[in-house]
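Student: This is what each chain is made of:
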Amino acid sequence: MSAQIILYQDSGAWGIPSTCPKCTALQTLLRFADVTYAVSPGDASPSMTEQNELPVLRVASDKEDVVVPGLESCVEALSSVGYDAYGGLTPAQIAETKAFSCLILDRLDLVRQYEWYLADNNFNRCTSKVRYQSASLPVRYVLTRLERHEIRKRLNVTPWIQRGQIYQVAKECLEVLSTRLGERRKYFYGDTPRLLDALVFGEIVAQLYAPVPHGRLRQMILEYPNLLKFVENIRQTYFSNGMDEMQHFEKNNQSNQTSPIRTAYEAAVQRTKQVFSSKKETSPIEEARKARNRNFIIAAATSFLIFLLLGNDVEVQVSE
Amino acid sequence: MSSSPFEDSSSTEESKLEELFQSKLKIGSLKIRGYRRTNPSFLHSLVVPCLGGENFREVIENLSIAVERLRELDIFKGVDVFLDESSVPDQTDVLVTVSEKGRLQLRLGTTVEREGFETGLETCATLRNIFGKAERLRLEAGTEGTDLGRGYGIAEFYKPHAFGCDTFFSAYLNRQYFNEKQRSHNEVSRGFVASFGFPQSWGIFSYEGAWREISVTEPSASSTIREEAGFSFKSSIKHSYEIDSRDNIQAPIEGKLLNIHTELAGLGGNVRYIRQQLESQLHIPIADTEASWGIACRLGYLYTPKSYSSTVLDRFYLGGPNSFRGFQTRGVGPYEKDDPLGGELFYTIFSSLSIPLPVKGVLGNIFRPKAHIFATIGDISSVKESQSLLGQVFTRQLPWKNLFETTRISIGLGIVADTQLGRLEVNYCHVLRRTQGDRIHSGIQFGISKSFG
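First to last, the sequence lines map onto chains A and B.
So my numbering is basically just the index in the first sequence, starting at one, shifted up by 156.
So my numbering is basically just the index in the second sequence, starting at one, shifted up by 66.
Derived from the structure by calculation, the hints contain no laboratory data.
Just to be clear, a hint being listed does not mean it is correct.
[Said to hold, decoys possible] Just some of the chain B residues that point at chain A, by a computed CB distance under 10 Å:
#	residue
1	Gly119
2	Phe122
3	Glu279
4	Ser289
5	Ser301
6	Leu479
Each residue gets a CB set at the ideal place from its N, CA and C atoms; glycine is no exception.
Here chain B stands alone, though its shape is the one from the complex:
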């Protein structure tokens, strides 16, 4: 078979390129320039472990890891790496040039409360690089969900690479409140959280101590809220582990996610429980297009010992544009008067088929819109009174006739936009199945979130 001249020249170039990548390369010295406030030994400690490699390809791959580490510090506007001929024969010098960002950052955006899967709005002021090792002090205030009646304030100190590369330490004080005028009570939590992170290996370990208060403000308060009112002190340790191979967090086309969050409360304090949440996602592209089918499963379980009982502050809630479309926020589950009581056991399965919309130009680049059709199935209950499948499994009852008696189902279609602010959704939802007491939100529903699901 004869080959064309173009194919011959491209294969020649490829082989030359491959020869270059395989050529031996020995690193001589490392120079880092452009820093003013950052500690040079800290920068060296991040880059030097990445100066290995037997050939050109491996050196480039390792240096890209170093560049990524420096960019993740969020203290540099730009990080550039140059390879230059060394004064020592047969060696190559590495020159890293950085350009530092300003000390103070102000931000308005979205945030996601991982434990509650609710997204809210936040304003944040960050003081960067306090002591020269990329530490930061962050003051943040925001809402939980788009509801202004629920908010929080945080003062956080964060130190990256605290225990070696790719680790971190964080400590923060927080105050959360829940004070809607149309609700019957206030919830206030003041706490301290310290975290040690090993995200590449063991996950994130945290300790939380929180002083919480529930106080009744209206005569319409339910008896459950009244019984659970008062002060409590929660002392708990948490562990969070995540493996995320999705190509895009907000609008993934391909990849998987596994997130496990465990909390043990009862190291002192008068709150005692084990709380576990599991989330897994799978995204499969359709042929070679940007269309994809995604499925997100969530499961949560709250176990309290016999002489203790769970409260509205610790139970799970379902409902809203981020957890169960077609229902109001916290609209799924038992209600007493107008107070959502939450559940101790829940699961949801959210499935979505999405395809990109042919919108070109600036709008297409900013919003990257997709159309999607989705379905959600789920349930929430207390462990003792559960009729759901999972509740029956835990209580060892499996009457098949009651298997799906309290399962909720909603479907819908809508538009998804992947923006800097987050994942925006405008959906038309329809609730196929619900139970008495659920607060549904059929029709148009807006949502903003930080992640698919």
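Isolated chain A, as found in the complex:
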């Protein structure tokens, strides 16, 4: 079996790859890199990483499974398949990319979480209906409420949210991104999309497509036509078959058939079987092991028989 790249993420909804912007950003990067991958169905759990965060990539092969947890690690891992998320950028541009990443993930995304989880109307009518769709009712209800509780705890200790500057901060972030993109650029840095393009796409497409009843952030995004055009350009170029497509194939692949995703357990059992079938101990070692086994059996049986005969419990009588 050739290596499979499997992405674990929050499941998609509303026609977008994932309800989590970081997961959408990673999917976008995989398409920028033209990598064949599959998405594990259902909602993955952040508990699968020690940092308690998604997305996670698993590279499954016959020899071993390699797991890459978290967006940063996944971005670094893409260099092994020939795609450099910072390729062609100057050191100043790389630093700028990292600064913008913090702006998006630590500011703009928190505003999104505030709108989706803390606003009761938005949560009850939109967010809670799409999270953990694959789980049954009691599990879905508990997990969405647990997730909301965790996000509320995190947002309650964020100073600018406490001060009520939520949408002011969002406006500043969008203004900065729009100014940096400019009116005529296709991507943030030249003609080739990079990490920042994926992050901005992931964040903005989530806001544009989520049908939240009170989406003030979406209204703000609509005031920046260059950002809308940027998102639409990436969608048409890299998600031409639809953004909720579960498997992405190489362009030259004539067939849409790939091997089904094997669970990690099945792969581990298969590897155990293959290792056992292929590895044979060398003759001298095998002979020595068999000799030890034989000697042990003889010694154990002999000592037990001697004990039986010397004791009074068993007597052997030879009939005349």
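Knowing the structure of chain A, use the given hints to seat chain B on it.
Tutor: Relative to the frame of chain A, chain B by itself:
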């Protein structure tokens, strides 16, 4: 042929005794004394059904059943039965005298997790006879196996004879955790179990609802554990049926055991499977001695529907002094990095020849030691990828050349002690056959269990 005077007098006594046993006896009234907290109508309901019998022998046999029922309540220090002449002619009164135990019991001992065949250590505080009908409230904490990284806590309410004689009702909350430092993840389960027991007839029916979580804590976690991490809710019904005629649970000489445990998960929740375990034992004494040959067979099967998959919380594990001697705990089966993954299908056959050791005095009475020589054969696999015989039967493949390719075999000899704490074993084990990845424990292995096997 002439008979001796002694034989004549003993046969005379026997015939007199037999005459006494056959004599007619009619029970008059029943009096029960010595209780303080226990409800008298509850005691009467246990004893009155046993007051039948046409002759003296039958009355004694029935009354012994009543005594056993009262002793099994575990609320009396002693139960004595007297037959006394009644004020009504030709009748006999029954007088039962009981002596109640204290309310609170503290205990340190061993326990066995029946489903996993692993024995652990436990501490337990029990509040007896709460409402006067032998109900008890038990708080228990312990380890699963001798490994301190796996433990549990239970708060249980137990009511005997809840639906008539020899039945019970039990409900408990439990919390289990698995958190070894050298492992890569935590497993926590919080649940509720309600059981209705008819042990003499239909077995024990239970419902379990459990909220479980697997969370990765170390970068070395395998991809299987990562994929199975997260929350799950198991809602299942179980049935357990047992027929046990062994003379001693821990060191049997004679008897048989049949235990069948079935679990159906999927009544709500996001866990769906059918899990079945079967155990049978046969013990045959050798001549008229206390030596015996015993064999214990175990079989387990976990079936999950197509769109579901099993997790490390539900699969079977083999290995350790109670399930497969010569291997580490959970050491048999597929491993990924340092994580045991378990199997969906397993079998073991354990055979032991044991003879008592001639140790006299206090040590002999306390430990009742025996020497035994044993052999274990078994296998564990996933159903889909199985190469074992049972896996091939279920998947309808029987290539004879692969029949025993992944079968494991271990042998050994050792000393067994039958104590109050449990069955203690000190064995020298040798693994004859294993597969790549199995964690063996050849050499000296200690074990403690609640039962043979």
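Student: Going through the earlier hints one by one, which of them does the structure break, listed in rising order?
Tutor: 1 and 2
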